[in-house]
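If you read the sequences in order, they're chains G and B.
By the count of the working numbering, the first sequence reaches residue 667 at its end, each step adding exactly one.
By the count of the working numbering, the second sequence reaches residue 1231 at its end, each step adding exactly one.
Treat the hints loosely; a few may be bogus.
[Stated by the list, open to error] Restraint-style ranges between C-beta atoms, simulated for each label pair:
| no. | chain 1 | residue 1 | chain 2 | residue 2 | range |
| --- | --- | --- | --- | --- | --- |
| 1 | B | Pro1209 | G | Asp457 | 23 to 31 Å |
| 2 | B | Pro1209 | G | Pro580 | 18 to 26 Å |
| 3 | G | Gly581 | B | Val1130 | 30 to 38 Å |
| 4 | G | Gln494 | B | Gly1149 | 27 to 35 Å |
| 5 | B | Glu1185 | G | Glu647 | 47 to 55 Å |
| 6 | G | Gln494 | B | Asp1129 | 40 to 48 Å |
[As the list claims (entries may be wrong)] With a cut-off of at most 27 Å between alpha-carbon atoms, the simulated BS3-like pairs for lysine-lysine come out as follows:
| no. | chain 1 | residue 1 | chain 2 | residue 2 |
| --- | --- | --- | --- | --- |
| 7 | B | Lys1216 | G | Lys549 |
| 8 | B | Lys1171 | B | Lys1224 |
| 9 | B | Lys1143 | B | Lys1171 |
| 10 | B | Lys1018 | G | Lys474 |
| 11 | G | Lys576 | G | Lys549 |
| 12 | B | Lys1216 | G | Lys667 |
| 13 | G | Lys576 | B | Lys1216 |
| 14 | G | Lys508 | B | Lys1216 |
| 15 | B | Lys1143 | B | Lys1224 |
[Stated by the list, open to error] Pulled from the structure, derived: some chain B residues nowhere near chain G, Cβ distances all over 12 Å:
| no. | residue |
| --- | --- |
| 16 | Gly1025 |
| 17 | Ile1060 |
| 18 | Thr1078 |
| 19 | Asp1139 |
| 20 | Met1166 |
| 21 | Pro1169 |
In case anyone wonders, no lab produced these hints; they're calculated from the structure.
By construction, the Cβ of each residue, glycine as well, lies at the ideal position given by its N, Cα and C atoms.
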Amino acid sequence: MKKLYGSFAAKLVAVLLLCALAVVFGLSMVGVSALSRWDAFNGSLESVTQSAVENLAWNEYMYVWDQYQSGLDPQYISHDVNFRFTLIDPEGKQIYSDYHDEPALWHITQRMQPNYSVERNAAAEEYEAAMEYPAVTPPPIIASEAQIVVIDERTGERAEFQTDYELEQWRQARSMTMRGYVLAELTAGGKFAQRVEQVTALYRTRYALVAAAGLSFLMGVLLFIFLMAAAGHHGDAPVRESFVDRIPLDVFTLLAISAAGIALIVPMEMGLPGDIVGYTVFGLCLLAAALIALLYCMSFAVRVKCGTLWQNCLIARIFRRCRRTTHRLWELARDGLRALPLIRRWAVILGGVALVELFVMLASEGDCAGLLWFVNLVLGVPAMLWALIGFARLRAGAGAIAGGDLNYTVDTRYLRGELLEHAGDLNHIRDGLNAAVAERMKSQHFQSELITNVSHDIKTPLTNIISYVDLLEKEELQNDTARGYVEVLSRQSQRLKKLLDDLLEASKASTGVLPVSLERCELGVLLDQCVGEYGERLQSAGLNLVVSKPEEPVTILADGRHLWRVFDNLLSNVLKYAQPGTRVYLNLAREGGQAVLTFRNISREALNLNGEELLARFVRGDSARSTEGSGLGLAIAQSLTALQGGEMTLDVDGDLFKVTLRFEETK
Amino acid sequence: MHTILICDDERDIVAALKIVLEAEGYATLCAYNGREALELLSDAVQLVLLDVMMPELDGIATLSAIRERSNVPVIFLTAKGEDTDKILGLNLGADDYVTKPFNMVELLARVRSQIRRYTRLGGSVAREDVLTAGGLMLDDRSKSVTLDGEALSLTPTEYDILHLLMQNPGKVFRPDAIYRAVWHEEPYGAESTVAVHIRHLREKIEIDPAEPRLIKAVWGQGYKLEKEARQ
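Build out the structure end to end from the sequences listed, making use of the hints.
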């Protein structure tokens, strides 16, 4: 089958076969339709012959009458060999007959009126127009000037009447009776014998004809299906279009219809003769039209198979081209607008809208004002509300993120364009902050862990060093130089120990891994305790401690041990760095719900650093770093203060060194 | 002659401790991990110096094992120096702790204190007018105070303050309350005097006054005598 599909010869054969079958089908259908018109499938051969003859017989009858009317003597009237007739005048007298009571296949008796010419004058015409036919009764009014002139064509007799009634009377009086017969026993020759012969043959083959029609139809359909299936196949190659199939569908359809139309109309317009040649030409034309239709169907099938049915349509192409063009224009406009900055874009859009509205207003001479106002309201107000809602969301998101809520996500639902981008950017900023904070926490934790581990590892050898230095000190060293060295070793190892402890504490305090338990803490009591601890030492260092505090107790929430550590660090700082012979002020005051502690002293060395620099780790007022201390004291104090929710600031004013601690007061 | 069991995985430290302690007249046994310490532990041992971080059996586990057998005093040698470790050690039954890197003088003082207390434990008589806390004993009749059996010389004010604190161990006294109880008058800004006296008191009682174990300052609230002090 596949091979057949691809074979051109098979298709050609199929087409030819289809043509032949069409001819067969056409002819057999002609026969079948004629037979069924003659009722051949129910009646006997006789009745069929009668029906088949009737038409011919009528023609012959009228032919004979016309000859008689033209004035021919009846005996010279020519007619078929198997036709007979009898003429009877109005009075009932037989004028002529060649019928001699033979058995008749068909016969008829009819009153025939003469052929005549009529001429009416205007009045008669008018009268006739108003008259009712047939004019069997005399009319009520007779117009005197009406005149009808009648001439008998056969006899040339002339008569004049005033009314059609009279004409009718005249006609009736001259009508004759004519009888026609077709003989039952046909003599060979002539139309009737031929027709009867044909009909008999047709009648005999009537079922064969039906079968032929049915079979040819069925085979035709099968061939048609085959052709449809095979259309587009060329050899073993997959279905492809030929140049015919590439003609746009609508053009092709028009071409096919006009070609088929020409094939059908041209022979009809030319007026084909009614003989066998005419019919053959007509049949061939019909065949040509059918072939065109077949080709069209095949091409249609190919298009369907290739899926190019609509695609290849000129109208579709034009439509597509139009759509593509409009789409491209729209994209161009949209991209152009997008490329513009926000303000300019909306200026262009709103300007465009305003121009269109102005144009509409001018065109409608102001009739559309109300409608335009309504449209603006319906479209504009929701758009503005939408923009405002978007802005409100952005505002809330930015506020939350600025306020430190790093879990806030700006809702991007229903947002479009710049608002959406803005919301996305805000969410990105938040993500970035989150990542940075997490990273920082991690690294701080890691740092603290590292310092804890390292200092722990350092402590073991340090313990050894200190222990053995101790042992050395106990030895009865004879050498003074050696004793001096041991003393240095002892001092420096103790300093190393202090440094290590401070480092550990600083790292813990700054990374917040230190546990803090906040309790009520009375600052007045703490000051007293501080004075108790440091008073004598300060005095012996030549410093005069001046403490001032309010009468009522000042209470804050703090971790006593950490707070003491802060005081301890600050006061030991004072001991180390204050100029001997000066006063040291320790002041406690209330300031707007806050407890404020200030430490003030005069520095022994000139301070060339500001407060912030002094708070940095490992920074010390003396650049030589010769004195004891790690340089972490202030940093630790600040971190511990922050851990307890307080704030520590440092001010340097010349030689005045001032530390301020602020805590929220509690009741 | 008292025997001290030294247990530390750091051999140099053990050697140093051995030298120092033997110079002080103690006999020593050396172990380098918890398992060895448990093997060497006997009734002859009067004190154990125990490192916390050790291989095989660490100090905490060793302490638990020791406490199942004996109530010999144990001093922890801790390098961690963190409050949680100290508290854990003390709660598990350690009698004292020394933070590495330690000072030999302090260590010796603590060793002496623990041994004295352990060996004289049976000698103390429970009397109503005698207050005890840690190694402290305050006899109100003779107005005398002894620390691990050694007499302390306190000023009357110091004695009164200590008496007040020992009568209510664990209770926090505000400086002004102490002032009123001891001086029998209103302080009028003289509360810091109390702090000075407390400091002096600590210097006499505590081995390391900078890190008191008996008389503690509750910063911002007052002072108290540690209730469960083991010194």
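Cross-check of the supplied hints:
1. B:Pro1209 / G:Asp457: 23 to 31 Å: Because 30 Å falls inside the window, the suggested range holds.
2. B:Pro1209 / G:Pro580: 18 to 26 Å: 25 Å, holds
3. G:Gly581 / B:Val1130: 30 to 38 Å: 49 Å, violated
4. G:Gln494 / B:Gly1149: 27 to 35 Å: 32 Å, holds
5. B:Glu1185 / G:Glu647: 47 to 55 Å: Since the Cβ atoms of Glu1185 (chain B) and Glu647 (chain G) sit about 39 Å apart, the hinted range of 47 to 55 Å is violated.
6. G:Gln494 / B:Asp1129: 40 to 48 Å: 44 Å, holds
7. B:Lys1216 / G:Lys549: The given pair, whose Cα atoms are some 24 Å apart, holds under the 27 Å limit.
8. B:Lys1171 / B:Lys1224: Holds, at about 6 Å.
9. B:Lys1143 / B:Lys1171: 22 Å, holds
10. B:Lys1018 / G:Lys474: 14 Å, holds
11. G:Lys576 / G:Lys549: 24 Å, holds
12. B:Lys1216 / G:Lys667: Given that 27 Å is the threshold and the Cα spacing comes to 26 Å, the pair holds.
13. G:Lys576 / B:Lys1216: Roughly 26 Å separates the two Cα atoms, so the pair holds.
14. G:Lys508 / B:Lys1216: 24 Å, holds
15. B:Lys1143 / B:Lys1224: The given pair, whose Cα atoms are some 21 Å apart, holds under the 27 Å limit.
16. Gly1025: The claim holds: Gly1025 (chain B) sits with its nearest Cβ about 14 Å from chain G, beyond 12 Å.
17. Ile1060: Holds, since 16 Å exceeds 12 Å.
18. Thr1078: 10 Å, violated
19. Asp1139: Asp1139 (chain B) is indeed farther than 12 Å from all Cβ atoms of chain G, at 27 Å.
20. Met1166: 20 Å, holds
21. Pro1169: 19 Å, holds
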